[in-house]
Amino acid sequence: MADDNAHPGELESREPTLADLCNLCRELNRRQARYVVVGGFAMAAAGYNPPHDACGSPGRYERR
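Each residue of the sequence shown is one higher than the one before, counting from 0 in numbering that gives the first Met the number 0.
The hints are simulated quantities; they were obtained by calculation from the structure and are not laboratory data. Given the structure is predicted, the values throughout are model-derived calculations rather than measurements. Glycine is no exception: its CB is placed at the ideal position from the N, C-alpha and C atoms. One or more of the hints may lead you astray.
[Said to hold, decoys possible] Beta-carbon label-pair distances, calculated as ranges:
1. GLU9 x GLN31: 28 to 36 Å
2. MET42 x PRO7: 31 to 39 Å
3. PRO7 x ALA32: 27 to 35 Å
4. SER12 x ALA41: 16 to 24 Å
5. GLU9 x ARG33: 31 to 39 Å
6. GLY8 x ALA43: 29 to 37 Å
7. ASN22 x MET42: 17 to 25 Å
8. ALA43 x PRO7: 31 to 39 Å
9. ALA18 x ASN48: 17 to 25 Å
10. PRO15 x GLY46: 14 to 22 Å
I would like the entire structure built from these sequences, with the hints used as guidance.
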């Protein structure tokens, strides 16, 4: 069988979306958590594009 290693209900990795971030922040707010958004989402919100070279390695961020 081709799917011998398949696990029903197994989660798949994917790039997070803005909706994912909004849902996370809503849940953190609901729980009255204190948090800071850092990383790629923070850079995008600040107007920076994450550059990648041909190999997919990150380079310098450039303002949009």
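Tested hints:
1. At about 33 Å, the CB distance of GLU9 to GLN31 agrees with the hint of 28 to 36 Å.
2. The hint said 31 to 39 Å for the Cβ distance between MET42 and PRO7, and at roughly 37 Å that hint holds.
3. Our hint of 27 to 35 Å for PRO7 and ALA32 holds, since their Cβ atoms are close to 32 Å apart.
4. Here the CB-CB span from SER12 to ALA41 is close to 21 Å, well matched to the stated 16 to 24 Å.
5. Checked against the given bound of 31 to 39 Å, the beta carbons of GLU9 and ARG33, roughly 33 Å apart, stay inside it.
6. For the pair GLY8 and ALA43, the beta carbons lie near 31 Å from each other, so the given range of 29 to 37 Å is met.
7. Separated by about 20 Å at the C-beta atoms, ASN22 and MET42 satisfy the suggested range of 17 to 25 Å.
8. Between ALA43 and PRO7 the beta carbon distance is about 34 Å. The supplied range of 31 to 39 Å therefore holds.
9. Hint check: ALA18 to ASN48, Cβ distance near 20 Å, so the stated range 17 to 25 Å holds.
10. Checked against the hint of 14 to 22 Å, the pair PRO15 and GLY46 passes, with Cβ atoms roughly 19 Å apart.
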